[in-house]
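Residue numbers (the working numbering): 22 to 518.
Worth flagging that the hints you see were computed from the coordinates, not collected in a lab. Among the hints, erroneous ones may be present.
[Said to hold, decoys possible] Below 30 Å or equal to it, Euclidean Cα-Cα: the simulated DSSO-like pairs (lysine-lysine) are:
1. Lys448 with Lys398
2. Lys57 with Lys70
3. Lys234 with Lys213
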Amino acid sequence: MGKAVVCAVVVSAAVVCAATVLVMRHRMRSTGRWTKALTILKDLEEKCKTPIGKLRQVADAMTVEMHAGLASEGGSKLQMLISYVDNLPTGDEKGWFYALDLGGTNFRVLRVHLGGKLKGVIKQEFEEVSIPPHLMVGIADALFDFIADALLKFVATETESFHLPAGRQRELGFTFSFPVKQTSISSGTLIKWTKGFSIEDAIGQDVVAELTKALDRVGLDMRVSALVNDTIGTLAGGRYYHPDVIAAVILGTGTNAAYVERAQAIPKWHGLLSKSGEMVINMEWGNFRSSHLPLTDYDFALDNESLNPGEQIFEKIISGMYLGEILRRVLLRLAEEAVFFGDEVPPKLRTPFILRTPEMSAMHHDFSPDLKIVATKLKDIFEISNTSLKTRKIIIELCDTIAIRGARLAAAGIFGILKKLGRDTLKVGESQRSVVALDGGLFEHYGKFSLSMENTLKELLGDASETIVIEHANDGSGIGAALLAASHSQYLDSASP
22 MGKAVVCAVV VSAAVVCAAT VLVMRHRMRS TGRWTKALTI LKDLEEKCKT PIGKLRQVAD
82 AMTVEMHAGL ASEGGSKLQM LISYVDNLPT GDEKGWFYAL DLGGTNFRVL RVHLGGKLKG
142 VIKQEFEEVS IPPHLMVGIA DALFDFIADA LLKFVATETE SFHLPAGRQR ELGFTFSFPV
202 KQTSISSGTL IKWTKGFSIE DAIGQDVVAE LTKALDRVGL DMRVSALVND TIGTLAGGRY
262 YHPDVIAAVI LGTGTNAAYV ERAQAIPKWH GLLSKSGEMV INMEWGNFRS SHLPLTDYDF
322 ALDNESLNPG EQIFEKIISG MYLGEILRRV LLRLAEEAVF FGDEVPPKLR TPFILRTPEM
382 SAMHHDFSPD LKIVATKLKD IFEISNTSLK TRKIIIELCD TIAIRGARLA AAGIFGILKK
442 LGRDTLKVGE SQRSVVALDG GLFEHYGKFS LSMENTLKEL LGDASETIVI EHANDGSGIG
502 AALLAASHSQ YLDSASP
């Protein structure tokens, strides 16, 4: 064999050998990547586990914290705030009432015509108003004057069907979804602003008094009859349609719960009288914390980097504000440690809160054979292209782990409330029906979350689930505020309008 032929054979063999080595190395790297990715996935699943025994422990801890919060101020992570709502709607309310729903960069003004038990809500009209950014960081008078002016313009759209008996003021229910120390049904001092607001001269002021002064300045004769937050409004709206409503839960961007307590069971009520013997308690359950909560490294990191470390732990693992962010953090770790999306970490994966929970929900509900929605979301949000079906399936598993943990813990929280009220067991010869009003975008639009929550609650309740009903109370914070203005009207002792 000639030298040239021998050289060619040697070169050819070397090329084949090098190619084989490259293929083997690629396979080894690929195998290593998937092994690491599966390790991360299994670790998350293990730490997010919510077996029924753990959920019962969470519920028991919730009940204990409820008792402690009722017993004394600061006795619990749950604030257990007295709402001064001691007269929930009965369905008998009649007449025209207004509502103002302020809880973010937009607010709504509503006009509601109530017709009593036979007619219910005859008519409701509303308008949504955007707050100019400069008013969110200015002075209190400017913000409240803007709101009062919007109310004045809305009142000006009343038609001939609107009618108040002579001498009566228009009455308003005010949903104010910021931290407030309530001092009566129609007064409360602002503790702090959230959601991008920063108006220093309003802190410590009575928000109803500030709004009333603004209404006077624009010449609008209107009385604020009820000051509530969105959870209390949801409970009131639910009670109007279902007299068996005993609690309300918001599962949206944030989360909270309220329930109806016997007034005599509230030591810190200081002996003040309740018209009905009941009092609605605003739990502020987003701040619940227990050693039984299944927390992960991602949760601890998220909490440490938040604006309120150590606070709102329950909210940070079950609410819509955070579920997508938890998923992003897991995906970032997969990209960094398991080269999940290629040799380079996609830059946008490092952007906090870039992945919103509605986008996570869309991926979680992708039933297409090739998981096309998952692929599209990865490309649109993170600029990640050409993912394999195997990769996309793992992302679905991650969505499932994170969302189902949140849903099952929400169910445990509701079960804790039912235990506190003695509604968690089926008593012999008793068929007491208990309705829990639910509202919020997470509950309404994330189907796998809400279904898991309801199924978990049934699992916890056992036979008692026959008497517990979950009812969607749409738009509770708006219509509920108008209903509370009616049930706490200054004209209750007069004939109904």
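Hints, one by one, checked against the model:
A hinted pair counts as satisfied when its Cα atoms are at most 30 Å apart, and Lys448 with Lys398 does not qualify at roughly 49 Å. Using a Cα cut-off of 30 Å, the hinted pair Lys57 and Lys70 holds, with the two alpha carbons roughly 20 Å apart. A distance of roughly 20 Å separates the Cα atoms of Lys234 and Lys213; the hinted pair therefore holds under the 30 Å criterion.
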